[in-house]
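There are 2 protein chains.
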Amino acid sequence: MQTLDLSLTDLAQQTRQAARRLAVLPTAKRNDAIAAVASALEAASEDILAANAKDCQQAAADGLPKPIYNRLKLDNTKLQNTIVGVRDVGKLADPVGDIQIKRELDTGLILQRISCPIGVLGIVFEARPDAAIQIASLAIKSGNGAILKPGKEAIESCRAIVDAIHNGLENVGIDREAIQLLTTREQIQQLLALDEYVDLIVPRGSNAFVRYVQDNTRIPVLGHADGICHIYVDEAADIDKAIAIVLDAKLGYPSACNAVETLLVHNPIAPGFLPKIAAELQAKNVELRGDDRACKLVKMNRATEEDWSTEYTDLILSIKIVDSADEAIDRINTYGSGHTDAIVTENAATAETFMSQVDAAGVFHNCSTRFSDGFRYGFGAEVGISTQKMPPRGPVGLEGLVTYKYRLVGNGHVVATYSGKNAKPFSHRDLPVN
Amino acid sequence: MQTLDLSLTDLAQQTRQAARRLAVLPTAKRNDAIAAVASALEAASEDILAANAKDCQQAAADGLPKPIYNRLKLDNTKLQNTIVGVRDVGKLADPVGDIQIKRELDTGLILQRISCPIGVLGIVFEARPDAAIQIASLAIKSGNGAILKPGKEAIESCRAIVDAIHNGLENVGIDREAIQLLTTREQIQQLLALDEYVDLIVPRGSNAFVRYVQDNTRIPVLGHADGICHIYVDEAADIDKAIAIVLDAKLGYPSACNAVETLLVHNPIAPGFLPKIAAELQAKNVELRGDDRACKLVKMNRATEEDWSTEYTDLILSIKIVDSADEAIDRINTYGSGHTDAIVTENAATAETFMSQVDAAGVFHNCSTRFSDGFRYGFGAEVGISTQKMPPRGPVGLEGLVTYKYRLVGNGHVVATYSGKNAKPFSHRDLPVN
Chain A
1 MQTLDLSLTD LAQQTRQAAR RLAVLPTAKR NDAIAAVASA LEAASEDILA ANAKDCQQAA
61 ADGLPKPIYN RLKLDNTKLQ NTIVGVRDVG KLADPVGDIQ IKRELDTGLI LQRISCPIGV
121 LGIVFEARPD AAIQIASLAI KSGNGAILKP GKEAIESCRA IVDAIHNGLE NVGIDREAIQ
181 LLTTREQIQQ LLALDEYVDL IVPRGSNAFV RYVQDNTRIP VLGHADGICH IYVDEAADID
241 KAIAIVLDAK LGYPSACNAV ETLLVHNPIA PGFLPKIAAE LQAKNVELRG DDRACKLVKM
301 NRATEEDWST EYTDLILSIK IVDSADEAID RINTYGSGHT DAIVTENAAT AETFMSQVDA
361 AGVFHNCSTR FSDGFRYGFG AEVGISTQKM PPRGPVGLEG LVTYKYRLVG NGHVVATYSG
421 KNAKPFSHRD LPVN
Chain B
1 MQTLDLSLTD LAQQTRQAAR RLAVLPTAKR NDAIAAVASA LEAASEDILA ANAKDCQQAA
61 ADGLPKPIYN RLKLDNTKLQ NTIVGVRDVG KLADPVGDIQ IKRELDTGLI LQRISCPIGV
121 LGIVFEARPD AAIQIASLAI KSGNGAILKP GKEAIESCRA IVDAIHNGLE NVGIDREAIQ
181 LLTTREQIQQ LLALDEYVDL IVPRGSNAFV RYVQDNTRIP VLGHADGICH IYVDEAADID
241 KAIAIVLDAK LGYPSACNAV ETLLVHNPIA PGFLPKIAAE LQAKNVELRG DDRACKLVKM
301 NRATEEDWST EYTDLILSIK IVDSADEAID RINTYGSGHT DAIVTENAAT AETFMSQVDA
361 AGVFHNCSTR FSDGFRYGFG AEVGISTQKM PPRGPVGLEG LVTYKYRLVG NGHVVATYSG
421 KNAKPFSHRD LPVN
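Protein chains in written order, with our numbering: chain A, 1 to 434; chain B, 1 to 434.
For reference, chain A alone in the conformation it holds in the complex:
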């Protein structure tokens, strides 16, 4: 691997150059590259699986926890499914070249705002070899270079994967340097310092890791630190809907960031609702932690202050009884993480207040928080979920990997014409986008 012979700065510079050439390729050429990468991965399947077997052997020897081991382990089915996913990325609409604004400023002076690749992505992810494949295909699709740093347990697998990707790229005449692999943990810190060459960092992994990245780089970060999702069950809730939604949001996939962590119950319905939902949850081994009033209605552990701001990612649910929708909104805006929060109510006015005033990327009414997901939203691919306030916010599709530039074409136009006493007015006429 040449990556070992180069300083990270040189490597990033190479990626930047390669990304510039990738950025100007037409849609068809980038889709060809994706197809070539898919074919190269197919051709290298045996090598990739052999490399993965080595990683897995080492992981077993190191006593890697079972869930992490399972994510590391590639079998042929998982690999072939991932390659199908690469071909699917080829079929997505091109996020590059989208004309967002087309406006005549004056006769012969035409402004366009057009989406374009960001440049170089730095992606630091967990020990999941299939993630390297997904990410590389999304980067190529969006015309970006990518520097990949996988979890150390997946290094051999990712070497084999990136070798195959390089072969695929070279088969269609694209610089292999567009996709690079980092192999040591020390390189993460160096990567975060390369704000001159890297335009966006996408960290995947634990909350603590994402926060570490956010605190240690000037490069923009696309990621979410916490998913502390709430469901508020209002006095006007349909109780059957409320039960179905809470069960779905807690039990479907407790370690997902869009799983519910805190249930807020409106006081008037608590005596009827809480025992019912508690029985259902406890039957599924969910540990409940309640505030004083909740504990009086149902036998459960008492929640501490820390519980209200904890993402359990486990079969645990905190429960608080509130006196009003306003109190629910206040609590969510105080303790929530701005990911996704839901209200269950048949009262449209209450729902509207909740959805306007809750400050989160997703505000849901009468449905499960677990719909908060790029695929479920219909984005085709999910680059990540952002809990930052500024766009892109929430589940981010391919559009999160592009930016835009303004192109202005004139014919000798100068600003002096439009200034001073005899200033010509601008026409500012929006033109149809073809």
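Be a bit skeptical, because a hint or two may be false.
Copies of the same chain look alike in the list, so a pair counts if it works inside one copy or between any two.
With a Cα cut of at most 27 Å, we get these calculated BS3-like pairs of lysine-lysine [as the list claims (entries may be wrong)]:
#	residue 1	residue 2
1	Lys-152	Lys-66
2	Lys-66	Lys-54
3	Lys-29	Lys-102
4	Lys-241	Lys-424
5	Lys-296	Lys-284
6	Lys-73	Lys-152
7	Lys-102	Lys-241
8	Lys-421	Lys-78
9	Lys-241	Lys-284
10	Lys-91	Lys-424
11	Lys-66	Lys-284
12	Lys-91	Lys-78
Please keep in mind that the hints were generated in silico from the structure rather than gathered at the bench.
With the hints as your guide, set chain B onto chain A.
Structure of chain B alone, referenced to chain A:
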């Protein structure tokens, strides 16, 4: 002023609460608030001018440089024009509540992405009292709270202005805390640390100051550090157009960030073009600093390496002769600041290559770099110009002061329905946006 009695954290919390109430007001109500603020400013004109006279007296005693003094000084005409500007902001399209996506995920499960205010803006600006008025009106229009920190020379003027704004807001029943004033320099650092309460920092002022802000906060920053704009005059340029464009871009307003700082001239036309443009520029007292080849064609100072990455904001222009459009592109991508760069050429293919490959917020063909401006682009108002890579990029209108949230409305929908063996497919049907 109550601001003096409160800790900055308490003040920011108040602003956050007030901003939440402002955010959910309908368009008409926010426009009423803007009208009320304009009227209150009119009513307080005498007080504002008297306060400004005090600031100016102090500034004169302190020997404030003339250009800064001129920006500080308010006369009645300037004040009334600024108030007219406030009423104009009222007439702009509402950036809040714009439906960007409306999609049926399944029967009765409707996703919408809707623009909404960001929350609380922290705005640190120079000693320009009129800027306080403009910024407050843009914040109210976009449903955001704002914490204003003006240059210390403008404190008395800004106190009188913010008092009037508070009166205007209270006249229509809006919390005065939505707009707050900071009065000491120490508060800047405290403000930058309040990432829990402040959602966006807009720094205005010197490049060094903007960079200081970027380096000292976790809050997103909307601003540009440098405006190192290039014009490349290609061998296929129309020389008359090239001369007109370069003169406009250098002479119109040399201290603007969209003024040209470096001229790149294609070698084949340099002997004909350079003496002509140099004579015109030198006649207007522009100091020229050239590379070796330029110095051989025209008598001028020799440029140092530092010149190529300097924003002069003055009547100085660096000049380099290049051998190809590719060399010009490389230099711009190396030394430019990603603000605005232009090519002058009659060759459409060369122009296209330049515009695709130059990595800047504005890429211009046959027109002056000085068109890079929110008003000239037709945005109605300009919040700032961003040279960051991620959106918002380039001149930013009111859309830079809003974000969006996803609203999902169902009727008891759960994710389990769409998972597993008998998964129901999503419809993902885009609906017309009303």
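Query raised in the report: How do Lys-241 and Lys-424 come out at 27 Å by Cα distance, when the copy is not named: within, between, both, or neither?
Result: For Lys-241 and Lys-424, only the inter-copy Cα distance (19 Å) is at most 27 Å; the intra-copy one is 62 Å.
**Report entry** Identical-chain pair category, Lys-66 with Lys-284, by Cα at 27 Å
**Finding:** Result: close within a single copy only, 22 Å intra versus 75 Å inter.
Query raised in the report: Which holds for Lys-91 with Lys-78 at a C-alpha limit of 27 Å: within a copy, between copies, both or neither?
Result: Close inside one copy (20 Å), not across copies (57 Å); limit 27 Å.
**Report entry** Copy assignment of Lys-73 with Lys-152, given that the CA separation must stay at most 27 Å
**Finding:** within (14 Å within a copy, 61 Å between copies)
Query raised in the report: Is it within, between, both, or neither for Lys-152 and Lys-66, if the alpha carbons may be no more than 27 Å apart?
Result: Classified as within: same-chain Cα gap 16 Å, cross-chain 60 Å, threshold 27 Å.
Report task. If the cutoff is 27 Å on CA atoms, where do Lys-421 and Lys-78 land: within, between, both or neither? Let me know, please. Result -> Classified as between; 17 Å across copies, 70 Å inside a copy.
Query raised in the report: Which holds for Lys-29 with Lys-102 at a C-alpha limit of 27 Å: within a copy, between copies, both or neither?
Result: within (26 Å within a copy, 31 Å between copies)
Query raised in the report: Can you tell me if Lys-91 and Lys-424 fall within 27 Å by alpha carbon in one copy, between copies, both or neither?
Result: between (47 Å within a copy, 22 Å between copies)
Requested in this report: Evaluate Lys-102 and Lys-241 at a C-alpha cut-off of 27 Å and name the case that applies: within, between, both or neither.
Outcome: The answer is between: 24 Å across copies meets 27 Å, while 46 Å in one copy does not.
Query raised in the report: Within a copy, between copies, both or neither: where do Lys-296 and Lys-284 come within 27 Å Cα-Cα?
Result: within (21 Å within a copy, 84 Å between copies)
Query raised in the report: Between Lys-241 and Lys-284, at a C-alpha cutoff of 27 Å, which is it: within one copy, between copies, both, or neither?
Result: For Lys-241 and Lys-284, only the intra-copy Cα distance (18 Å) is at most 27 Å; the inter-copy one is 76 Å.
Query - Lys-66 and Lys-54: within-copy, between-copy, both or neither at 27 Å Cα - result: Within one copy, since 16 Å is at most 27 Å while 72 Å is not.
Going through the hint list in order, the structure satisfies each hint without exception.
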